[in-house]
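Undergrad: One letter stands for each residue in the lines below.
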Amino acid sequence: MAMNNQGRDSTPHAVTVAGEFVTFTGNKALQQEEALIFELDNPGAVGVDLEAPVTTKTRLGGVKTRAGVGLPSLAEPDVVRHYTRLSQKNFAIDTTMYPLGSCTMKHNPRLNEKMARLPGFGDIHPLQPVETVQGALELIDQLAHWLKTLTGMPAIAMSPGAGAHGELCGLMAIHAALDARGESHRRRVLVPESAHGTNPATAAFCGFTVDTIPAEENGRVSVEAVKAKLGDDVACIMLTNPNTCGLFEPQIREIADAVHAAGGYFYCDGANYNAIVGRVRPADLGVDAMHINLHKTFSTPHGGGGPGSGPVVLSDALAPYAPLPFVVHGKDGFTLVEHAKDAGKAQPFGRLKGFHGQMGMFVRALAYILSHGADGLRQVASDAVLNANYVLASLKDVMSASFDGPCMHEALFDDRFLKGTGVTPLDFAKAMIDEGYHPMTMYFPLVVHGALLIEPTETESKQTLDRFIATMRHLTEKAKAGDLAHFQASPRLTPRKRLDETQAARKPVLRWVKPAA
Amino acid sequence: MRYLPLTETDRSAMLATIGVDSVDALFRDVPEQARLKGPIAGLSDHMGELAVERHLSRLAAKNTTASTVPFFIGGGAYKHHVPASVDQLLLRGEFLTSYTPYQPEVTQGTLQYLFEFQTQVALLTGMDVANASMYDGATGTAEAVLMAARINKRNKVILSGGLHPHYRSVVETTCGVMGMDIRAQAPDWKNAEDLSALIDGETACIVVQTPSLFGHLRDFTALCEAAHAKGALVIVVVTEVVSLGLLTPPGEMGADIVVCEGQSIGNGLNFGGPYVGLFATRDKYVRQMPGRLCGQTVDADGKRGFVLTLSTREQHIRREKATSNICTNSGLCALAFTIHLSLLGEQGLTQLAQVNHANAVTLADKLEAVKGVKLVNDGFFNEFTVKLPKKAAKVVSKLAERGILAGVPVSRFYPDMEGLEDLLLVASTEVNSLEDMDALVRGLEEVL
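Those protein sequence lines, which keep their order, are chains A and B. Under my numbering, the residues of the first sequence are numbered 1 to 517, in order. Under my numbering, the residues of the second sequence are numbered 1 to 448, in order.
Some clues are possibly wrong.
Stated by the list, open to error - DSSO-like cross-link-like pairs, simulated, lysine-lysine; straight-line CA separation at most 30 Å:
id	chain 1	residue 1	chain 2	residue 2
1	B	Lys390	A	Lys341
2	B	Lys62	A	Lys341
3	A	Lys478	A	Lys497
4	B	Lys321	A	Lys229
5	B	Lys303	A	Lys514
6	B	Lys387	B	Lys371
7	A	Lys64	B	Lys374
8	A	Lys514	B	Lys284
9	B	Lys391	A	Lys341
10	A	Lys497	B	Lys303
11	A	Lys478	B	Lys303
12	B	Lys62	B	Lys390
Rather than coming from a laboratory, the hints here were simulated on the basis of the structure.
Please build the complete structure, drawing on both the sequences and the hints.
TA: Rendered as structure tokens:
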């Protein structure tokens, strides 16, 4: 029963206690210490009630069975409490502004979760006869249509499982197209030094060599720098636009033309597509292939690091090489092309993934596109860019903006404003944590010293931004006032203080091991 | 628009602070001819929740859902019951809307479950160590082949004819572009292949699967010995991870790398994705592993905590010298796996595996009694192959018209191969009732 109101104090005691407050349990009220699930083992307990097997007869063909696995035993309440407590140790978009540059941490609408869980999408098998999954194939076709329309591109490969997987898809299409042209000697890929690490890694993964293009003083890639690297061994350029400094590449058309004139292709890293969705079509920039991170621009949840989804839009030149499987619409409805022999004139380069792609993400992304509509999507890019510029304009007098002029959807600062304070970008970021903010991306891109890359996204209100700006100004003043210890000791209010990453790497402990009895 | 908090008043005030007249001015670097003047043509304006629900529900209603019919489809993805608390916990915003745990002080929740996940995968597979997940089993297998080639600097790969054809295709595509010599064996539906004779001094690795595509159970102990004697690695693939609740794990057979599709535990069918690849290996190979790894350490106060570690293998540090280009993993699906496996526990997992096998045994007995149906397997777990007197694709189609999803015709994977047209893969898990099984038997009797 609830507490009776009669006979108890209804105002707080006027009392102060000196010294650090340490609890008996180590818990801090809402913040609970939590052991590993293996340490919560309660032998004899079970978290599911299964029916007994209908027969004890076995037909294992003589193979051996195992003695045991070594899993812990818990009843459902203990499992639910354990994972609920773990969840409370995370920052998330739902709990705080998460201005992680280059990651597009925007609001994840719950309608999209509800739609992905409709049994008609969540409870269908990828190998069901196609006549029993017409609605699923139609959904993939609709999403493909809108992604092609938004980007202005004629073709799309839907199966890649993430952004980096999409890059792989694009580069393999380029590889196949070059082979088909009889130009297999083209194996050099141009990558600006500001690129995401996945770009050179993907190029190398496909057997290409990576040639780095230096950045200009203004954070852009110049057409001259690209031309200086072009030759008849160049397969493609991999360019992020807007680039990782949060800037639109003004010479992008000239760069695309130069690469095309030299016989190469233009792969665009679409990680920053959120800045231009509905306002600029990549096709009009000369792009041959671009992956779209559905978990960024189209707001499928990041889920603590996946699952993502990375469909790739393709130009006419690359379209024939798109991987299997793909959906086609015929006179008897939708069908799924799963084998090269059924691909008609197309020459698919192969298969990238089991089954047909990240269907659960497709449902969410289509729900997002329909919810926003043509007007809303254009507003997404406008507000994302407006919010970033508002942060830039409001902080550039106290923090050091790396480049002049407006930015796109993210504002890049560097560590010059911390010069002489002893505070590093990492220290600064950790102090933001105690103030209740997830830090921005740090030390990336590599083209400026001590990068601090802030991407607010369009789903933050002005009120939230004003509070964030005030906090950043406060921390900046504190750093400049010489309060080095404050920053070096941060964060202090989190379940764990700074963790020893060096020890973790030197003596890796990658799993729990049952202690000797 | 409900997801966009800025009001017109806010926008005007913000433009004034920035010192420009309009948002268009912020797009000044975009070439004039590439600027769209108005909204994208053809797409309607924003919709309310109700309208979006109507649109998508109409599409969903056109599909036959697995739970509503007698359902026996497997072939690399399996219909299992997932406890309600799994999805409820996944929907907690602190898990759902968090990013990769690069700031460990504010992501101990994600990091700790990844550490638990890695431990569970190592235990299940009987291996030393596991990573924090891959996109799916097929991509994980291709990554395993590349890892093996990094370890022994060899170029030849032998793929068993029992390997799932999608896995085979992904390996051929992904490793083929790297110039690897891939020797895929013919579909081994009779469980008769002898791979040890194919291993030579050039062989980087051999990829085998148990239960195989056709449901056969294999002990690879001798094969591992033969491979190791020639310096080759053995990669064991498991597409039905519930089988590891009953069968000897690949680690005990001597496998060097184990890759599983983890969908069966915690994750729905979802028309093929997102799923979760499990990836485990020996301690000595850990620095050649692809993907994210979570490790234990201590914080500034000496308390136990977790961080992403050994990132010097990864693309954001090593760029073109990384072990893989993989960045995103399958975090939330890994969480679903971890919660479901925690609920099952030792007893639940064993029992779930027993129930699956018992249902498959019961169904196999019933199907063998149907005239013209022959069971191909000596042994199986929860999926087996039957040889029909007619083309399996036609039979499946006719049964689908009768509201029974009977299984996967092998011709769906191998459309051009003679001798496989009559083969049907049939799976039975804990979700199948005796009534479902009898419905399949009656249906088969009618259409054969």
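Undergrad: If a hint holds in the structure, say so; if it does not, say that too.
TA: Comparing the hints with the structure gives:
The straight-line distance between the Cα atoms of B:Lys390 and A:Lys341 is roughly 23 Å, inside the 30 Å bound, and the hint therefore holds. Distance check on the hinted pair: B:Lys62 and A:Lys341 sit about 28 Å apart at the alpha-carbon level, within 30 Å; holds. Taking the CA atoms of A:Lys478 and A:Lys497, the gap is near 20 Å; set against the 30 Å cutoff, the hint holds. This hinted pair checks out: B:Lys321 and A:Lys229 have alpha carbons roughly 21 Å apart, not beyond 30 Å.
Restraint check: the Cα-Cα separation between B:Lys303 and A:Lys514 comes to about 19 Å, which is no more than 30 Å; the hinted pair holds. The straight-line distance between the Cα atoms of B:Lys387 and B:Lys371 is roughly 11 Å, inside the 30 Å bound, and the hint therefore holds. Proximity of A:Lys64 to B:Lys374 is assessed by CA-CA distance (about 25 Å); at most 30 Å being required, the pair is judged to hold. At roughly 20 Å between alpha-carbon atoms, A:Lys514 and B:Lys284 fall within 30 Å of each other, so this suggested pair holds.
At roughly 20 Å between alpha-carbon atoms, B:Lys391 and A:Lys341 fall within 30 Å of each other, so this suggested pair holds. Between A:Lys497 and B:Lys303, the direct Cα distance comes to roughly 9 Å. Compliance with the 30 Å bound is thereby established for this hinted pair. Using a Cα cut-off of 30 Å, the hinted pair A:Lys478 and B:Lys303 holds, with the two alpha carbons roughly 29 Å apart. Simply put, B:Lys62 and B:Lys390 have alpha-carbon atoms about 29 Å apart, close enough for the 30 Å limit, and the pair holds.
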